[in-house]
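**Student:** Here is how the chains run, residue by residue.
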Amino acid sequence: MKEPPDILLVDDNPADVGLTREVLAASTHHSNIHNVPDGEEAIAFLRRRGKYTEAARPDLVMLDLNMPRKGGQAVLAEVKTDPGLRTIPIVVFTTSHADKDITHSYELGANCYVSKPGNLGDYFSAVQSIEEFWFGFTSLPH
Amino acid sequence: MNDIEVDILLVEDSQDDIDLALHTLRRENLANHIFVVHDGQEALDFLFCSGPYADRNAEHMPKLILLDLKLPKIDGLDVLRQLRAHPRTSTLPVVIMTSSKEEKDVASGYNLGVNSYIQKPVDFEQFRQTVKTIGLYWLLINQRPQNHSTKKLAEPVKP
Chain A
1 MKEPPDILLV DDNPADVGLT REVLAASTHH SNIHNVPDGE EAIAFLRRRG KYTEAARPDL
61 VMLDLNMPRK GGQAVLAEVK TDPGLRTIPI VVFTTSHADK DITHSYELGA NCYVSKPGNL
121 GDYFSAVQSI EEFWFGFTSL PH
Chain B
1 MNDIEVDILL VEDSQDDIDL ALHTLRRENL ANHIFVVHDG QEALDFLFCS GPYADRNAEH
61 MPKLILLDLK LPKIDGLDVL RQLRAHPRTS TLPVVIMTSS KEEKDVASGY NLGVNSYIQK
121 PVDFEQFRQT VKTIGLYWLL INQRPQNHST KKLAEPVKP
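Chains as they are written, first to last, in our numbering: chain A, 1 to 142; chain B, 1 to 159.
Hints listed in this document are in silico derivations from the structure and should not be mistaken for laboratory results. Accuracy of the hints is not assured; some may be wrong.
Calculated lysine-lysine pairs in the DSS-like style (CA-CA distance at most 30 Å, straight line) [to be verified]:
| hint | chain 1 | residue 1 | chain 2 | residue 2 |
| --- | --- | --- | --- | --- |
| 1 | A | Lys100 | B | Lys132 |
| 2 | A | Lys116 | B | Lys63 |
| 3 | B | Lys120 | B | Lys63 |
| 4 | B | Lys132 | B | Lys63 |
| 5 | A | Lys100 | B | Lys63 |
| 6 | B | Lys101 | B | Lys70 |
In isolation and in its complexed conformation, chain A is listed as follows (with noise of 0.2 Å):
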């Protein structure tokens, strides 16, 4: 495991993105944390094309489903069937319980699907099992 782990956090909603940046610069890992607000950037990160040339490939992508130009699994299915990418592993991370959602994500490739607590506590420790379970106990691709 590389250290500090470089997270990419795709989530349009401010204030999720500024509670999970809370929970994650509290951590042991010290992650770097890279937002960006939509699909379109997401997939533009990963490919490092127009401002990205110099992203990070991420170590962990947390993805939120629905968000505007291009929803989460949109990037679930480019990623997924990328061989330069496929290997990176995706956390949905959404508010969307439904179980159409969670079962197409897991068919478009997801390695993993938390909903987002609705309460503040359930919401930093959903945050924070994501992080310890991926940066603590697994071994990650190059």
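For chain A, the structure is supplied; the task is to place chain B on it using the hints.
**Tutor:** The following block gives chain B in isolation, referenced to the frame of chain A:
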């Protein structure tokens, strides 16, 4: 056997690792229904209800598969490849837990669509902590598709 509900399918040939994983998961109350198979062929037979498991109820899929890589008969990566190629098992959460820390195994695992790859700690206490964390994360935090067996037979995502 036919109607058994399984939380975790543990695919592992080392009896020491089986004993420790079972002890940890039960002590933490993470999984009461753990089924152990000892090689890759038995894992596929269990999941696809074939061979000695032909009478098993295919409605009952495990919530998590913990998969070793170096297994007798059919190895773990081959098991994973077969699961991902079949609509009925393509979205089942699979976590590789292996002693291999070779980068090519990590890359192959993710490339074949494993949900996550964990290196087995050699240390007893760390092993226990790892199994506990896997159980908590995949059974309580992660959300998985309901009704694998009733979902439409979509084309699996090709590697």
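**Student:** Next pair to validate is Lys101(B) with Lys70(B); report whether the Cα-Cα distance is within 30 Å.
**Tutor:** holds (12 Å)
**Student:** Are the Cα atoms of Lys120(B) and Lys63(B) separated by 30 Å or less?
**Tutor:** The hint holds at about 21 Å.
**Student:** Taking only the CA atoms, is the gap from Lys100(A) to Lys63(B) under or equal to 30 Å?
**Tutor:** Measuring from Cα to Cα gives roughly 17 Å; hence the hint holds.
**Student:** For the pair supplied as a hint, Lys116(A) and Lys63(B), confirm whether the alpha-carbon distance does not exceed 30 Å.
**Tutor:** Roughly 20 Å between the alpha carbons, so the hint for Lys116(A) and Lys63(B) holds.
**Student:** Is it true that the CA of Lys100(A) sits at most 30 Å from the CA of Lys132(B)?
**Tutor:** holds (29 Å)
**Student:** For Lys132(B) and Lys63(B), compute the direct alpha-carbon distance and say whether it is at most 30 Å.
**Tutor:** Answer holds: Lys132(B) to Lys63(B) is near 15 Å, not above 30 Å.
The structure meets every hint from the earlier list without exception.
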